[in-house]
Amino acid sequence: MKSRNLRNFCIIAHIDHGKSTLADRLLQLTSTVSEREMQAQMLDSMDLEREKGVTIKASAVHMTYRAKDGQEYELNLIDTPGHVDFGYEVSRALQACEGALLVVDASQGVQAQTLANLYLAVDAGLEIIPVINKIDLPAARPVEVTQEIVDLMGVDAEQVITISAKSGINVEAVLEAVVKYIPAPTQDVEKPLRALVFDSHYDSYKGVIAYVRVVDGILNDADEVFALATETRFRPVEIGNFQPQMVAGKRLQAGDVGYVATGLKTVRECRVGDTLTLFSAKAETPLPGYQPAKPMVFAGIYPVENEDYPTLKESLEKLQLNDASLVYEPETSQALNFGFRCGFLGLFHMEIIQERLEREYDLDIIATAPSVEYEVEKTNGETIWIDTPADLPDESTINEIREPWMRIQIFTPQEFYGTVMDLVTKKRGQFVSQEYPAPGRVLLNYDLPLAELIIDFYDQLKSRTKGYASLDYHFHSYRTEKLVRLNVLINNAPLDALTMIVHKDHAFHKGQALVSKLKELIPRQMFEVPIQAAAGGRIISRANVSAIRKDVLSKCYGGDISRKKKLLEKQKKGKKRMKMVGRVEIPQSAFMAVLKLGDEQ
Numbered sequence: 001m002k003s004r005n006l007r008n009f010c011i012i013a014h015i016d017h018g019k020s021t022l023a024d025r026l027l028q029l030t031s032t033v034s035e036r037e038m039q040a041q042m043l044d045s046m047d048l049e050r051e052k053g054v055t056i057k058a059s060a061v062h063m064t065y066r067a068k069d070g071q072e073y074e075l076n077l078i079d080t081p082g083h084v085d086f087g088y089e090v091s092r093a094l095q096a097c098e099g100a101l102l103v104v105d106a107s108q109g110v111q112a113q114t115l116a117n118l119y120l121a122v123d124a125g126l127e128i129i130p131v132i133n134k135i136d137l138p139a140a141r142p143v144e145v146t147q148e149i150v151d152l153m154g155v156d157a158e159q160v161i162t163i164s165a166k167s168g169i170n171v172e173a174v175l176e177a178v179v180k181y182i183p184a185p186t187q188d189v190e191k192p193l194r195a196l197v198f199d200s201h202y203d204s205y206k207g208v209i210a211y212v213r214v215v216d217g218i219l220n221d222a223d224e225v226f227a228l229a230t231e232t233r234f235r236p237v238e239i240g241n242f243q244p245q246m247v248a249g250k251r252l253q254a255g256d257v258g259y260v261a262t263g264l265k266t267v268r269e270c271r272v273g274d275t276l277t278l279f280s281a282k283a284e285t286p287l288p289g290y291q292p293a294k295p296m297v298f299a300g301i302y303p304v305e306n307e308d309y310p311t312l313k314e315s316l317e318k319l320q321l322n323d324a325s326l327v328y329e330p331e332t333s334q335a336l337n338f339g340f341r342c343g344f345l346g347l348f349h350m351e352i353i354q355e356r357l358e359r360e361y362d363l364d365i366i367a368t369a370p371s372v373e374y375e376v377e378k379t380n381g382e383t384i385w386i387d388t389p390a391d392l393p394d395e396s397t398i399n400e401i402r403e404p405w406m407r408i409q410i411f412t413p414q415e416f417y418g419t420v421m422d423l424v425t426k427k428r429g430q431f432v433s434q435e436y437p438a439p440g441r442v443l444l445n446y447d448l449p450l451a452e453l454i455i456d457f458y459d460q461l462k463s464r465t466k467g468y469a470s471l472d473y474h475f476h477s478y479r480t481e482k483l484v485r486l487n488v489l490i491n492n493a494p495l496d497a498l499t500m501i502v503h504k505d506h507a508f509h510k511g512q513a514l515v516s517k518l519k520e521l522i523p524r525q526m527f528e529v530p531i532q533a534a535a536g537g538r539i540i541s542r543a544n545v546s547a548i549r550k551d552v553l554s555k556c557y558g559g560d561i562s563r564k565k566k567l568l569e570k571q572k573k574g575k576k577r578m579k580m581v582g583r584v585e586i587p588q589s590a591f592m593a594v595l596k597l598g599d600e601q
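Once you know that position 492 of the sequence shown is 492 in our numbering, the rest is easy, because the numbers rise by one and skip nothing.
Keep in mind the hints are simulated off the structure, nothing from the lab.
Certain hints may be false.
[As the list claims (entries may be wrong)] In silico DSBU-like links for lysine-lysine, alpha-carbon gap of 30 angstroms or less:
1. Lys294 with Lys166
2. Lys466 with Lys166
3. Lys427 with Lys462
4. Lys550 with Lys566
5. Lys550 with Lys572
6. Lys482 with Lys426
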């Protein structure tokens, strides 16, 4: 059976090109949200999303639209993130749709993430409708940007829709194009139920809420459901769709996008990418799920107070439910006691998780400097993977160390060609190729070590190109490099949380820069604190944080010198004893100092 008047589509674009604003206008046009309830970034429900002005989680909404042909259509829209760290969210949303709106900013034109998301949509076999947004801006170049899209996609210029989502100009043409060009889902309601879980979140009353796209069959609210991958059976607490709040219903059928409140309490029982079917009439084959997201950046997260450890564990479990790309495992540190080693998709993803832990779960945490996963081949032929620099084996047992390299695309105006080249070369990057997709703009392809990319590459790229350059990256390969472990010793005790793996040629400069930085950040004690950096079995840099001294001679008004000497000797012995038992408190800023080493080498 063909669901004729149903359309499933998503909005994809580079960050800040107006996806969420366009979604707002579509909600208003279809009267899904009343004028009284309407607010900017309607689908961005998290406070963090509103503050940072970015979409972090893909969100779904069900709309009803009466087209110009007089027919009524049901539309399911999924608003996706644009930031490169959340590309995984985009790839999942695409699996639940038949079409996509590709939104491009009229002043900025095609950017790196526009290309990346377009390729994802083409690979998923989606019908793509190009939309040029922000045509009311003084700097808008709709004619030139239309030509860029025509060259890129091979469509006619008439097919490109020009709109202003903010002021509502020509937005109805987008809905007409969705109805006209995006195909209806052609799934069968007679077949056994198969529903793909494309996202989820946790509700303290209803348990795990799975966002589903029903591919085959019908799901009624009284049916007993079975998850094929985890082999979990449950009776739904509630089923329904998003308008954009969750609205309960009686059934979901083939082609629908909706939610199932499972009542389950742990993430392991209902995973993203799983297939839901009926317990009484199970489907034989599951739907092709998703590749598990591969974390790229690793960091330790520790509670400031040790008694907060169980709360941190529970919070990470709940966050993982909402964000399937977060991975974590317990670890211990000499300096920070018990915590978790967490894997993230990128530095922005790490920052978001950190903020969510502090805000939503009211935790006081310390995050260590981020690192990447290395492949180490030992002299006995064994290969191990390490994501904590402190776990790197002794140098004498290592045959070679391989580090992850990324293929990066930088989209920039031609005038910044030189400064971009200089930045990438300083970061050990290698030139691959260049293209000129539009007049005055160049697309540069490089290979770059991930360890150099995650620290401050994006910030520097933006500042050097006045914000005009855009960046996209994906994993390329592991390569053998001359790498060493850089240890930091504070008061002669190694601090594992500040250990780094660096290129041998950069070890001396990084060691010096880190020691100088830590000298500024570590507070003075009652005794002298030596800070040392060691690499390759020797100390390469040292600085001392001078002691706070009490003037023990203030009460000696003249008199015999031996009395003064006696007092100074007593103070010296006390300081020595204090230094042996004293513990140096390391502030959070010291762990993040590693991120600020960029230009100080």
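Hinted pair Lys427 and Lys462, Cα distance within 30 angstroms: holds (15 angstroms)
Hint consistency between Lys550 and Lys572 [alpha-carbon to alpha-carbon, up to 30 angstroms]: OK: Lys550 and Lys572 at ~11 angstroms, within 30 angstroms.
Pairwise hint evaluation, Lys566 against Lys550, where the allowed Cα distance is 30 angstroms at most: Since the Cα atoms of Lys550 and Lys566 sit roughly 15 angstroms apart, the hinted pair holds (cutoff 30 angstroms).
Proposed proximity, Lys166 with Lys466 (alpha carbon, max 30 angstroms): Roughly 25 angstroms between the alpha carbons, so the hint for Lys466 and Lys166 holds.
Given pair status - Lys426, Lys482, alpha carbons within 30 angstroms: With Cα atoms ~16 angstroms apart, Lys482 and Lys426 stay inside 30 angstroms; holds.
Pairwise hint evaluation, Lys166 against Lys294, where the allowed Cα distance is 30 angstroms at most: Status violated; Cα separation ~36 angstroms.
The earlier numbered hint that this structure contradicts is number 1, and it is the only one.
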